[in-house]
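**Student:** Sequence:
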Amino acid sequence: MNILFFDAASSMCSAAMFADGVVIAKNQKLITNQHAEILVPMIEQIMSDVKMDYNDLNLISTTIGPGSFTGIRIGLATARGLSLACNIPLIGVTNFEVLAYAVERIDRVGRRILVILETKRDDFYTCVYSDQLDLIHGPMAIEGDALEKLSDPGRTIVLGDGVKRAMPFFPCSGTTLIRQKTRKNIEFQIIADLVIDRFKLGAKLEKPAPMYINPPNIN
1 MNILFFDAAS SMCSAAMFAD GVVIAKNQKL ITNQHAEILV PMIEQIMSDV KMDYNDLNLI
61 STTIGPGSFT GIRIGLATAR GLSLACNIPL IGVTNFEVLA YAVERIDRVG RRILVILETK
121 RDDFYTCVYS DQLDLIHGPM AIEGDALEKL SDPGRTIVLG DGVKRAMPFF PCSGTTLIRQ
181 KTRKNIEFQI IADLVIDRFK LGAKLEKPAP MYINPPNIN
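The sequence shown begins at 1 in the working numbering and counts up by one.
If you're looking for bench data, these hints aren't it; they were derived computationally from the structure.
This one's a predicted model, so the numbers in the text were calculated from it and none came from an experiment.
Among the clues, some could well be false.
[Stated by the list, open to error] No farther apart than 25 Å at their CA atoms in a straight line, the calculated lysine-lysine pairs in the DSS-like style are these:
#1 Lys149 - Lys29
#2 Lys164 - Lys29
#3 Lys164 - Lys149
#4 Lys26 - Lys200
[What the hints assert, rightly or not] Each pair of labels, with its calculated beta carbon distance range:
#5 Leu201 - Ala85: 24 to 30 Å
#6 Leu84 - Gly110: 26 to 32 Å
#7 Gly202 - Asp53: 25 to 31 Å
#8 Lys51 - Glu143: 46 to 52 Å
#9 Asn55 - Val109: 39 to 45 Å
#10 Pro41 - Phe169: 38 to 44 Å
#11 Glu37 - Pro168: 36 to 42 Å
#12 Asp131 - Lys164: 21 to 27 Å
#13 Arg155 - Thr119: 23 to 29 Å
#14 Met1 - Glu104: 21 to 27 Å
#15 Thr32 - Arg121: 15 to 21 Å
#16 Asn214 - Val109: 32 to 38 Å
No residue lacks a Cβ here, since even glycine has one placed at the ideal position from N, Cα and C.
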């Protein structure tokens with residue numbers, strides 16, 4: 001099964017090819033706002049590296065947010081265009097799912113997973129999952145003083161690029177915080193496993209929608 005994955009929702013624009021669950025090609029580049037100029041050439045380079053045509057693909061996957069409004073829009077438009085033109089199914093994944101999935105199964109047993117993402121504002125983007133990765137709360141934007149209410153005393157794994165700023169909002173009240181890696185450190189193999197599991201479990205393959213927790217600022 002050949003899967004093309006790409007992510008334009010963050011400043012780390014990336015693309016990868018998965019073949020039968022194995023990462024066979026990958027590329028990523030730290031950018032600011034050049035998503036439109038970078039993404040398609042990056043995808044074409046991946047296709048060239050693996051010597052595949054788009055008709056060789058079985059599935060396309062892309063990140064649907066949260067993240068840059070422009071990046072999400074460009075990533076989804078590119079994914080939809082390829083999916084439609086080549087009649088290939090499309091799965092959207094969120095940055096929340098990717099991070100939660102990166103927690104080792106043995107580490108999450110009996111624990112709640114709280115993903116905290118940076119907004120560059122006073123609030124945070126959050127999502128809470130069970131140890132089976134079932135969604136408990138979110139996705140939502142909340143203020144820092146409400147974060148502790150999302151944790152489970154003694155049994156909470158906290159991860160995401162917003163954790164460092166969020167830590168002062170977790171006083172010593174019996175909650176064990178296990179800080180995990182951020183999105184930029186996630187291996188592509190984790191994403192490959194997530195996408196394949198989603199596909200096997202019958203993920204919805206209709207046109208995925210962007211995840212905008214707050215309305216995009218287009219002023």
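**Student:** Run every hint past the structure and note whether it holds.
**Tutor:** So, going through the hints one by one against the coordinates:
no., hint, result
1, Lys149 - Lys29, "37 Å, violated"
2, Lys164 - Lys29, "24 Å, holds"
3, Lys164 - Lys149, "18 Å, holds"
4, Lys26 - Lys200, "23 Å, holds"
5, Leu201 - Ala85: 24 to 30 Å, "27 Å, holds"
6, Leu84 - Gly110: 26 to 32 Å, "44 Å, violated"
7, Gly202 - Asp53: 25 to 31 Å, "27 Å, holds"
8, Lys51 - Glu143: 46 to 52 Å, "51 Å, holds"
9, Asn55 - Val109: 39 to 45 Å, "42 Å, holds"
10, Pro41 - Phe169: 38 to 44 Å, "41 Å, holds"
11, Glu37 - Pro168: 36 to 42 Å, "39 Å, holds"
12, Asp131 - Lys164: 21 to 27 Å, "24 Å, holds"
13, Arg155 - Thr119: 23 to 29 Å, "26 Å, holds"
14, Met1 - Glu104: 21 to 27 Å, "24 Å, holds"
15, Thr32 - Arg121: 15 to 21 Å, "19 Å, holds"
16, Asn214 - Val109: 32 to 38 Å, "34 Å, holds"
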